[in-house]
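K.L.:
If you're matching them up, the sequences are chains A and B in order. Heads up: the first sequence begins at 219 in this note's numbering, then just goes up one per residue. Heads up: the second sequence begins at 219 in this note's numbering, then just goes up one per residue.
Keep in mind that the hints are not guaranteed to be accurate.
Since the list gives no way to pick out one identical chain from another, each pair is judged satisfied if it fits inside one copy or across any two copies.
[As the list claims (entries may be wrong)] List of simulated lysine-lysine pairs, BS3-like, C-alpha gap at most 27 Å:
#	residue 1	residue 2
1	Lys236	Lys432
2	Lys260	Lys349
3	Lys336	Lys260
4	Lys432	Lys330
Source of the hints: derived by calculation from the structure; they are not laboratory data.
Protein chains: 2
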Amino acid sequence: MARNGRPSYDHVPMVVIKRLPRYYRYLGELVEKKVERISSQKLARMMGISASQLRQDLNHFGEFGQQGYGYRVEDLYNEIGRIIGLEYQYNMILVGAGNLGQALANYPNFAKRGFCLKAIFDINPRLIGMKINDVEIRDIDELPDFVAKNNISIGIITVPKDAAQGVAEMLVDAGVKAIWNFAPIDIRVPDHIILENEHLADRLMVLAFRLQDKLAYEPS
Amino acid sequence: MARNGRPSYDHVPMVVIKRLPRYYRYLGELVEKKVERISSQKLARMMGISASQLRQDLNHFGEFGQQGYGYRVEDLYNEIGRIIGLEYQYNMILVGAGNLGQALANYPNFAKRGFCLKAIFDINPRLIGMKINDVEIRDIDELPDFVAKNNISIGIITVPKDAAQGVAEMLVDAGVKAIWNFAPIDIRVPDHIILENEHLADRLMVLAFRLQDKLAYEPS
């Protein structure tokens, strides 16, 4: 057990971690539908995966479900939420109030999961003072002070490519612990900062690969 | 060899496929800097991965590089582009001209990779006829005809959650081959359609997990 009461998940491959949010979403839908229990077969079928993958994935985190009974939906939902870390609230700021920044500020599912956007920063004086989804746009000069005073752990970067590295350094200096970068460039941060670079064009390339692979072998 | 001259990549795990765009980006940067060759060690270090992972990944696709010489940068760049399928142009349409749709329409790296946005569709009469990044917003009623006449292979969905499944079915009926869905819901499509659901909240959950895992073990 660690300081925050967490067991160690060091042994769990990142590909498994990345599937947890999807399990969490599906279980959340079942909870909303008041389903009390579900077999691994049925849950796996709903999700389009094999029952053995589902069981293997969950086995990394402990014993869930019972032979012949299946999973208690709400328990499993809460447990996966705890494993992900959703019993905490995460305060976020966003830098760059353009279309993408505005879209993210309006995205409905962040607050629901405990990700709370506290402020948006921009350099454009015409935007400063406006609100998006009730969150104020502030002058970027206020960023260091705001991060320090509002327990901000996550910084989201939606500025143009050329400004992204500078903004990342500003966020790191201000004390954020994690950065989610949407600028189409791999930003560099010190090792102690958690970083996700969101390369949207990469997703299209994967689609292209799958299209070509499919075209190659389907009957004409 | 398949109909489009492609070898079979059936044996290549999807996690490896998903890393190809990143290799492609890094090699593209080296090409721009006129670097002619690079060792696997050096390329791996640039990318923050191990040389053995790099070699293993590339070995799935054939023999690249030579012992003691390394990789010819431009050859490897072109070869990975071909494996991904970037020698073709992909015509796309986007449905939903809100902030996220506009952000994607303005995203600089799609056209550069051969992903060409041909039209944006919306139901809002005030938007129809406007242009974003030179791409016209059209009435959604024109979608089936437009897809048929313009060889559209990819449909991007940026409508609200409740409209997403309906739009997906419309795209499938119209004849697109792949769908990239940004609505926060897992849409369902027939098996022959390639689908990527982009769940932005999932990425935040992975960040949360990594934050908790780190907080648990770092010295206070």
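K.L.:
If a hint holds in the structure, say so; if it does not, say that too.
P.N.:
Verification of the supplied hints:
no.	hint	result
1	Lys236 x Lys432	both (25 Å within a copy, 16 Å between copies)
2	Lys260 x Lys349	neither (44 Å within a copy, 46 Å between copies)
3	Lys336 x Lys260	neither (40 Å within a copy, 41 Å between copies)
4	Lys432 x Lys330	between (37 Å within a copy, 23 Å between copies)
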